[in-house]
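Undergrad: Sequence:
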Amino acid sequence: MTRRPNDIVEKMRRDHVVHMSYKKAWRVKEKALIALNGSDEDAYRFLPRLAFLLNWSNPCSIMALSTDKHDVFRYFFVSLTAFIQGWPHYRSVIVVDGTFLKANFRETLLIAMSNGYK
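Quick note: the sequence shown, position 9, residue 8 per numbering that gives the first Met the number 0, numbers continuous.
Not one of these hints is a red herring.
Below, in silico cross-link-like pairs of lysine to aspartate or glutamate (EDC-like), each with a Cα-Cα straight-line distance of 16 Å or less:
(1) Lys-101 to Glu-29
(2) Lys-28 to Asp-6
(3) Lys-22 to Glu-9
(4) Lys-30 to Asp-41
Simulated from the structure, these hints should not be mistaken for laboratory data.
Please construct the entire structure, taking both the sequences and the accompanying hints into account.
TA: Encoded structure:
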């Protein structure tokens, strides 16, 4: 369950009689999430290992990891073997959807998919 900063402020006041500002609760929540999940930078550093492991467990899959000249992440493309082998059997309707990424990395996530078997 994700707690809102207001929930943290209230719990600290009620359970520990500690008065905390909203801003401090926000920072504490951010630090706790990084401690639990790691930072965004850690996740990006893990991508080459993820590509290796995906390719090892799914031979003939296609992986493409691209960075710019400063080693800044550009894109990560994955097409697993099962999807490649099943592609001829999909309907010719393809949906491409995009969403904006929030927080530190304000880029766009694109997803392409088909709507099922013929």
